[in-house]
Amino acid sequence: MSEQPESLRLGEVIETSTVGFVAECDELHCLPPLGSLARVNGPEGDVIYAVVTYGETGSIDPGRRVVRRGSADLRDQAIYQQNPELRHVLRSVFSAAAIAYRRDDRLSYLLPPLPPPLHYSVERVPTTEAREVTDQPRYFPILAQYRGEIPADQLLAAHARHLYELRGHDRDWLERAARELARIFKHDYDRLVPLLEALDPDLA
Amino acid sequence: MTLDVAAIAEELRRLAAETASWEHAGWSALHAAVRDLDETDLRQRLRTAKTSWLLARAIQGYRGVSPCPPQPERYTVVATDGSVLNPDRHSPLRYYVINLGTVVLAYGDAPQARMESRARLYAGEEDLYLSDLSRRVPISGTVLGFKRAVEELRQAAELACSLDPPVVVLQDGTLILWGLESQPEFVVNWALGPFLEALAALRDARVPVAGFISYPGSSDVMNVMRVSVCDYPPRGMPVNCDHCRARIRTEGHRPACDILPDVTDRVLFEQVFKLTPGERSPVYASASTILERYPEADRINFFYLHTGAEVARVEIPTWVSRDRAMLDLLHAAIIDQCSRARGYPLALQEAHELAVIRAEERREVEILVDRMLAEHGVVLRRSAKERSKRGRYV
Numbered sequence: 001m002s003e004q005p006e007s008l009r010l011g012e013v014i015e016t017s018t019v020g021f022v023a024e025c026d027e028l029h030c031l032p033p034l035g036s037l038a039r040v041n042g043p044e045g046d047v048i049y050a051v052v053t054y055g056e057t058g059s060i061d062p063g064r065r066v067v068r069r070g071s072a073d074l075r076d077q078a079i080y081q082q083n084p085e086l087r088h089v090l091r092s093v094f095s096a097a098a099i100a101y102r103r104d105d106r107l108s109y110l111l112p113p114l115p116p117p118l119h120y121s122v123e124r125v126p127t128t129e130a131r132e133v134t135d136q137p138r139y140f141p142i143l144a145q146y147r148g149e150i151p152a153d154q155l156l157a158a159h160a161r162h163l164y165e166l167r168g169h170d171r172d173w174l175e176r177a178a179r180e181l182a183r184i185f186k187h188d189y190d191r192l193v194p195l196l197e198a199l200d201p202d203l204a
Numbered sequence: 001m002t003l004d005v006a007a008i009a010e011e012l013r014r015l016a017a018e019t020a021s022w023e024h025a026g027w028s029a030l031h032a033a034v035r036d037l038d039e040t041d042l043r044q045r046l047r048t049a050k051t052s053w054l055l056a057r058a059i060q061g062y063r064g065v066s067p068c069p070p071q072p073e074r075y076t077v078v079a080t081d082g083s084v085l086n087p088d089r090h091s092p093l094r095y096y097v098i099n100l101g102t103v104v105l106a107y108g109d110a111p112q113a114r115m116e117s118r119a120r121l122y123a124g125e126e127d128l129y130l131s132d133l134s135r136r137v138p139i140s141g142t143v144l145g146f147k148r149a150v151e152e153l154r155q156a157a158e159l160a161c162s163l164d165p166p167v168v169v170l171q172d173g174t175l176i177l178w179g180l181e182s183q184p185e186f187v188v189n190w191a192l193g194p195f196l197e198a199l200a201a202l203r204d205a206r207v208p209v210a211g212f213i214s215y216p217g218s219s220d221v222m223n224v225m226r227v228s229v230c231d232y233p234p235r236g237m238p239v240n241c242d243h244c245r246a247r248i249r250t251e252g253h254r255p256a257c258d259i260l261p262d263v264t265d266r267v268l269f270e271q272v273f274k275l276t277p278g279e280r281s282p283v284y285a286s287a288s289t290i291l292e293r294y295p296e297a298d299r300i301n302f303f304y305l306h307t308g309a310e311v312a313r314v315e316i317p318t319w320v321s322r323d324r325a326m327l328d329l330l331h332a333a334i335i336d337q338c339s340r341a342r343g344y345p346l347a348l349q350e351a352h353e354l355a356v357i358r359a360e361e362r363r364e365v366e367i368l369v370d371r372m373l374a375e376h377g378v379v380l381r382r383s384a385k386e387r388s389k390r391g392r393y394v
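Protein chains in written order, with UniProt numbering: chain G, 1 to 204; chain Z, 1 to 394.
Incorrect hints may appear among the rest.
[To be verified] Derived contacts from chain G toward chain Z, CB cut-off under 10 Å, selection only: (1) C25; (2) N83; (3) P84; (4) L86.
Calculated from the structure, these hints are not laboratory results.
Note that CB positions come from ideal geometry on N, CA and C, so glycine has one too.
All chains, full assembly: derive it from the sequences and hints.
Given below as structure tokens:
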């Protein structure tokens, strides 16, 4: 791997379960894109792979509401310049759904046997590794059954588009992804068609 | 619910109406007193007055308003606030905790924020009790409050003195430890010593410090207005409140100052002196007795400031009030801080957020103590009253 471990770290697990985790970003607003791949290196050498399903930025303290800080003359990044305390009282968090795990160098497209431990680092998955993990879209059924903050179809579309870009506009992979979606939704034409349309780079 | 609100609502309504009409009655008298204030005569009266109240001493005159100075291009504000876990008399473990929140906010070319909280547990004999050989005073409640105030100021001073100027230090509440007046001498020395050391360190480093009091209940200037309308001096007698009050009972006397409404300085400066947002009153010296124990340069003066949301009281050491540049820096910095947090200094707001110990955290510590004792075979038996409150039943 050419990338340094420091540059991969996104944040830290603050909620965890067998189906996924919630992580707090190290830097405010530095959220991984919807549908991108994240990983957690577990204590026994297991690596858990997950797809980012949701992101949000808000007050660290749920009892404190975020209020307007800007005006016509003070906006966007300048607000953060003028209010240096904001990066201490706000935080960005994201959720991710587990899709696979690696144990003893063997990749399984199943939910992990154990959830990732709390407070462990969440990292971006380097491109080469992401290509390998996602090469066969056999984990799509897990994403298709996702129940969370956003509709599963939006998650699938975002994931497929993200991977298509990451894989350097790999048409073969996109075709495999489309075929897998067609298999999953063969009895649900109304869901399948908009999904395939969302995936088609010529329609974008 | 056991409080029958309906049972007291009618009386509250009557009380509210009475209070409103009574306050209204004194209003015109107060306006007239302020309008007719003769500062030369007033100074004469104050020189000989014997009152039971605190009287604000004018430094630059009683009247006058200072607008907000221009904002400094850059400044750093240091604020600390503390919160305590009091010793639990139901627990066999004797300890207390002070949680200090510290905020450093730098504005200007390179804005920066540093925010941290630090919890410290005190459990040693010397931490828990004060003694002068004949008496032993437990450090809890009010006495622990003094320790907290000392730790807040000490932490702020240590930090502020190491930063590049211009730096201002803000504290929540008074810098006048008047509560010590009722304490034994050894308690006064214990609390005041390090507090005054921290004030002196700030003075040596030329870092202005201010105690910010939101919604102040003090009446030092209002009391001066009472002296100004007293009818004793025109009759050739010095103002003497004890004498005057004694005559209420013996002669059915009505004190002349009763024409003024019973309001605080906050109301006086808001509604009669009519401070507008950003403006401050003149600086006054406090007549609090405990200040005689402060070095002259660190005796606390104060002014009232319209923060945009309310009239607050700001307390500063004498040396700050004598230095116009320092006073202006503090004035402008506090207004800037208040504009950032809806009328209350942002740095103090954040220091409070870092310091506050919430009910669930208090409970968490209790459970931790219970568990740790249980590991050693000690099962905590709480008092029957405590148990009855925890496990409520019908």
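Tell me if the interface restraint on L86 of chain G is satisfied: Cβ within less than 10 Å of some Cβ in chain Z. Holds: closest Cβ of chain Z sits about 8 Å from L86 of chain G, inside 10 Å.
Have a go at the P84 of chain G hint: is there a Cβ in chain Z nearer than 10 Å to its own Cβ? holds, 4 Å
For the restraint on N83 of chain G, tell me whether the closest CB of chain Z is nearer than 10 Å. holds, 7 Å
Hint check, C25 of chain G versus chain Z [nearest Cβ-Cβ separation less than 10 Å]: violated, 17 Å
Hint 1 from the list above is the single one not met by this structure.
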